[in-house]
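For this one, chain A is given, so just place chain B on it according to the hints.
Read off the chains here:
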Amino acid sequence: MSEVKAMSAAADADANVDAARVDARENGARAHAPGVMRRLISNPLGAIGLTVLALMTLVAIFAPALAPYPSGYGNLDEMSLPPSRLHPFGTDDMGLDILAQVIWGTRVSMLVGVAATMLSLAIGVPVGLFAGFYRGRVDAFATSVIDIFLSLPVLPLMILLGAVLGPSLTNIILVIGFFSWPSTARVVRAQALSVAEQQFTEAARAMGATDARILLKHLLPNVFPPIMVNMVLTVATAVISEAGLSFLGLGDPTQWSWGRILENAHRSGAFVTAWWHTLFPSLAIMLLVMSANFLGMAINEILNPRLKRR
Amino acid sequence: MSRYMLKRVLRGLLTAAVSVTLTFIIVRVMPGDPATMLMDPRMTEEIRQQILHDFGLDKPLWVQYLTYVGQLLKGNLGVSFRSLTPVAAVIWSRLPWTLLLMGTSFILTILIGVPLGVVAAVKRGGACDRVINAFAIAGHSIFVPWLGITLLYLLGYTLPWFPIGGACDIGVTGWEAVSSVARHLVLPVTTLTIINLASYVLFLRTGMVETLREDFVRTARAKGVPENRVIFRHALRNAFLPTVTMIGLQLGSMVGGAVLTESVFAYPGVGRLIYESVTQHDYPVLQGTFIILAFTVILANILTDLAYAYLDPKVRFEA
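Chains as they are written, first to last, in my numbering: chain A, 3 to 312; chain B, 720 to 1038.
So that you can see chain A by itself, here it is in the shape it has in the complex:
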């Protein structure tokens, strides 16, 4: 039993706040997407998470209307000013408004987070489905690959690939997406394993359905609910990865992301004296990641009502 427990704990090692996910799988979480939305709003964590994420999405979309694009040299009389009414988040060492940088950064950071997650889904969902459906050698192979990728130090690997590809928005999305799929694949595999054993799958097969049909019509829709939790957490992880890579100088130097603001503060040395230069972009990262975690926890609670009583 402890071996089994160790495995399931191990199985969820990479993710964020997700000891709960172990149960998501054990219970064979099943829920219908339409009802989830309504229940999300009535769940306090879900409501907070959704609201903050929705607001941030709006900021990302309407960035051009909210602030002028920070570029060139700012006002030389306004270098490294602490927050004031004119510049609520202060200015950087070039005299540029930090609020504007954070607003435009929302756009890039969220874009990277969502796009990298899509890429990780595009790889992780098929891998997990095949492993869970075909079992045997396919599964053993896929599981080994997943475990190996999860145990490697991913950040240095992302750095190497990012450095070779060169700094650009597309490349950073590719780099993060390409190394984020294993956790998705594992969640999908576990769910596919249990769905493939259900009677309706057997019935479909008895009626002569092809593998492709069973995979697409029966397995895919049923693995979706647990993927939702994973998706939200992957976006959060991707945003943090983007910030980390940009902080290390691998971000797109022509785009404002939260990580780039921090990188500027670090490289110019402004971070030692101008606390506002690093505080606000970091708060933005924290707010996004926390809301995503809240949302993930809320979806988990809804999918597994038993969790609430713990």
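Please note that a few of the clues may not be correct.
Under the rule of at most 20 Å between Cα atoms (straight-line distance), these lysine to aspartate or glutamate pairs were calculated in the EDC-like manner [as the list claims (entries may be wrong)]:
hint	chain 1	residue 1	chain 2	residue 2
1	B	K778	B	E764
2	B	K1033	B	E933
3	B	K726	A	D149
4	B	K842	B	E764
5	B	K726	A	D141
6	B	K842	B	E929
Bear in mind the hints are in silico, worked out from the structure with no lab data behind them.
If you're wondering where the values come from, they're calculated on a predicted model, not measured in any experiment.
The following block gives chain B in isolation, referenced to the frame of chain A:
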């Protein structure tokens, strides 16, 4: 036990092979000329020829791959663009600092994390549990460099209690050197430990909560075993097993935290080396650091598996 360990060692070797192959693919197969990736225009003709020969850059890919693996086995990781010295030597000189930083943080994480996890699980739903949970979620969401920068700003700059960078003062010897190293270590270790604690505490808590509901715990209580003994001798020992596995699996991401922490504090370990190499486009060093870090993690993983085997009698006594 021996079969269990054999399996783990084989898995480790496989992981090592995958990481070596990945670096080969990334540097040689990705668009771009591998010769420019591995050779700096500033290099002397002699060094260029040496690298061409060492890594067979003019030969077909599979020959290159075999040569690459062969050179790795000999400990040849190429030549750094920046210092024009062997990459392996550069990394070896940095590795002790990273191991010191990560090792200290690891021990602290266990020393602080275990009691916190136990308290949270035993008093679950209580005020302590809520505070610990909130802390863990905040720790997950915080951006590592910012935590470092904030500590630096507060305790290195505003209150100049600790040095703001480096690992040791220059020209100190004996006990003074030890104390200097310790003082330089405080802020980076604090940063890394806070981040690590966030994940370990939650996992230990979940493990404890589940174990405390097991039948043998109820039996122990029914027998009249004192509560302290139930928690520490009966429950914690069992809850610890999954946590050990967890620790092994988290090592990879712990390395990521160390890279960012070292970059902030200009701590002269492998992580800072990565930071410097990115700005210098020093690909051989980036490739070498990944390989060495991956190997370190693999080795540490085998060690945690050993610890697991020792802790779990089912594995220990297996024929």
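A quick look at each hint next to the structure:
1. Taking the CA atoms of K778 of chain B and E764 of chain B, the gap is near 19 Å; set against the 20 Å cutoff, the hint holds.
2. With a CA separation close to 18 Å, the supplied pair K1033 of chain B and E933 of chain B stays within the 20 Å bound.
3. Only pairs whose Cα atoms come within 20 Å are accepted, and K726 of chain B paired with D149 of chain A is accepted, the gap being roughly 14 Å.
4. For the given pair, K842 of chain B sits about 69 Å from E764 of chain B by alpha-carbon distance, which is inconsistent with the 20 Å threshold.
5. Between the alpha carbons of K726 of chain B and D141 of chain A the distance comes to roughly 18 Å, so the proposed pair stays at or under 20 Å and holds.
6. Between K842 of chain B and E929 of chain B the CA atoms are separated by roughly 13 Å; this keeps the pair inside 20 Å, and the hint holds.
Consistency with the previously given hints fails for number 4 only.
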